[in-house]
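Asker: Sequence:
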Amino acid sequence: MIQIVYGNHFLKSAKKLPKKQQIKLAKLLEIFKENPFHRLLQTKSLTGPLAGFYSFRITRDWRVIFEFINPQTIKLIEAAHRKDIYR
Numbered sequence: 000m001i002q003i004v005y006g007n008h009f010l011k012s013a014k015k016l017p018k019k020q021q022i023k024l025a026k027l028l029e030i031f032k033e034n035p036f037h038r039l040l041q042t043k044s045l046t047g048p049l050a051g052f053y054s055f056r057i058t059r060d061w062r063v064i065f066e067f068i069n070p071q072t073i074k075l076i077e078a079a080h081r082k083d084i085y086r
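Residue 0 is where the sequence shown starts when you use numbering that gives the first Met the number 0, and the numbers rise one by one after that.
Simulated from the structure, these hints should not be mistaken for laboratory data.
Model, not experiment: these values are computed from the prediction.
Even for Gly, the Cβ is constructed at its ideal location relative to N, Cα and C.
None of the hints are false.
FRET-style restraints, in silico, Cβ to Cβ:
(1) Arg81 - Lys11: 15 to 23 Å
(2) Gly47 - Lys18: 28 to 36 Å
(3) Leu39 - Gln2: 14 to 22 Å
Please model the entire structure based on the sequences and the hints provided.
Answerer: Spelled out as structure tokens, the structure:
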């Protein structure tokens, strides 16, 4: 199983999510731990200034950005609305 490192910024941003998205995120993190590229997550590699990072969907409008520290360790960077997260 993959080890997850929760960055300080991720923890703060996850607490600011609406309650409904917090509940969904908790469920999706269980799937994420088993397979970060599970089809339900719709994981994408990012480009441009965020090249090297990845995102997955919480809902249609909410995302999580993460990076691979090594093949078995992932650091969660931020959780936010898609209009804000890529800035």
